Amino acid sequence: MPRVSFTANLQRHVPCPPCTVPGRTAREALENALASVPRLRGYILDEHGELRHHMVVFVNGQACADRRGLGDPVAEADEVAVMQALSGG
Amino acid sequence: MSDLLLVSTRKGLFAVRRAGPGRWRVEATSFLGDNVTLALPDPRDGAWYAALDHGHFGAKLHRSRDRGASWEELGVPAYPAPPEGHEEKDGMGRVIPWKLIRIWSLEAGGAGQPGVLWAGTLPGGLFRSGDHGATWTLARGLWDRPERGSWLGGGADYPGIHSICVDPRDADRVTVAVSCGGAWRTVDGGASWACCSQGMRADYMPAERAYDPNIQDPHRVVQCPARPEVFWAQHHNGVFRSLDDCASWTEIPAVPPSVFGFAVAVHPADPLTAWFVPAIKDERRVPVEGKVVVARTRDGGRSFELLRHGLPQEHAYDLVFRHALDVDASGERLAFGSTTGSLWATEDAGATWSTVSEHLPPVHAVRFVQQVQL
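Just so you know, the sequences run in chain order A and B. For the first sequence, this note's numbering assigns the number 1 to the initial residue and increments by one for each residue that follows. For the second sequence, this note's numbering assigns the number 1 to the initial residue and increments by one for each residue that follows.
The set of hints was computed from the structure by calculation and includes no laboratory data. Note that the structure is a prediction, hence the values are computed from the model and not measured. No false leads were slipped in.
Distance ranges between label pairs, derived from CB positions: (1) B:Glu73 with A:Gly71: 24 to 32 angstroms; (2) A:Ala63 with B:Pro80: 28 to 36 angstroms; (3) A:Arg39 with B:Arg65: 15 to 23 angstroms.
One side only, chain A facing chain B, incomplete, derived with CB under 10 angstroms: (4) Asn9; (5) Leu10; (6) His13; (7) Val14; (8) Arg39; (9) Gly42; (10) Tyr43; (11) Ile44; (12) Leu45; (13) Asp46; (14) Glu47; (15) His48; (16) Glu50; (17) His53; (18) Met55; (19) Gln84.
By construction, the Cβ of each residue, glycine as well, lies at the ideal position given by its N, Cα and C atoms.
Just chain A, same shape as in the assembly (with noise of 0.2 angstroms):
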């Protein structure tokens, strides 16, 4: 199974460690990891589900392209990674 990481920034308000969870796509990883920390959703995706202006989900390194769906595929031993974006100073 897909493993899901978060970024260290995130600990500090919601301790979220890393987890091993079912998924074939980004998303259905990100929601089955959300899924156990249910406060932890409104940090990484607003009230429509979707990701964070200033958020990233990466795929084994690769951030999604599917920014909005978060569709992209993943495999068993794949990492998935929520992180900040970068922006501004």
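Add chain B to chain A, keeping to what the hints say.
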């Protein structure tokens, strides 16, 4: 009189307590390092609410039931999905998302409405909670007004509700103010709304639109608790007052040293007395001549005194934002904080000021903790 202040800053929330005559000290810190945009001490049950803006991680709301010793995260206002294919635009044609950008105002409902809170947000939605902030509902009666299409951003990219006045006579009467969208009033608890900024003037618009009530930029609107038909507004290009429950507004000319500013406070018992913290308008936004002063009227705006005793009078570049000035229930104690991290307090209605700190993070909001109404 209040001995306790909540100071919301770019880097945390500070509880500041009076330690003796003219002496105020930071007593406790919450959310150090986080952007606390405002705080509300609820006079009905003593709870404290804090709104945070985490940037990357969005706007959040927390509550403390033990005066800041511990906090719990609450729900936040959530915008509904827009109708399919709908693209929302502001008065300048720029796209407005149906998403919570920031909680820009937060007020308690009426004394007889425990658990009712109102939140004003960017990009222009007003929300009501009936359960102490756990869940929120968008006031569709305001959001769906067609006039909202002419609202503009003012101080932010999107329109925002920064002032919420719950009428002490009848908590179903609520007045809000919008930058830039004028003032709006409900008399039925938020179901229906009407614009109530007749008489305000906008010198940043073409002459034909100067008196359009829907594009006015009241930076801050306050209501006199003892005389609730009286409102004061520090507007983008002037000071305005209403004596008739917002049916009309009258411009107060020639407020010294400048008609520009963000903050206004009205005396809780005397509708003729109000305080302002002026600055050079618009293009510079610094105190006039580098001197921090408070302008006070005690005759309804016919004349103003400049209060400066104890405030820096050279090379001071402190700007005071719209929520960063407050007056306590006695009308004697006021405090204000600045963008450069200064905080001042007075215990004699502004005649003399004491410096609480010159080293806080940039101050967004200052609020006295009033005695709990039991």
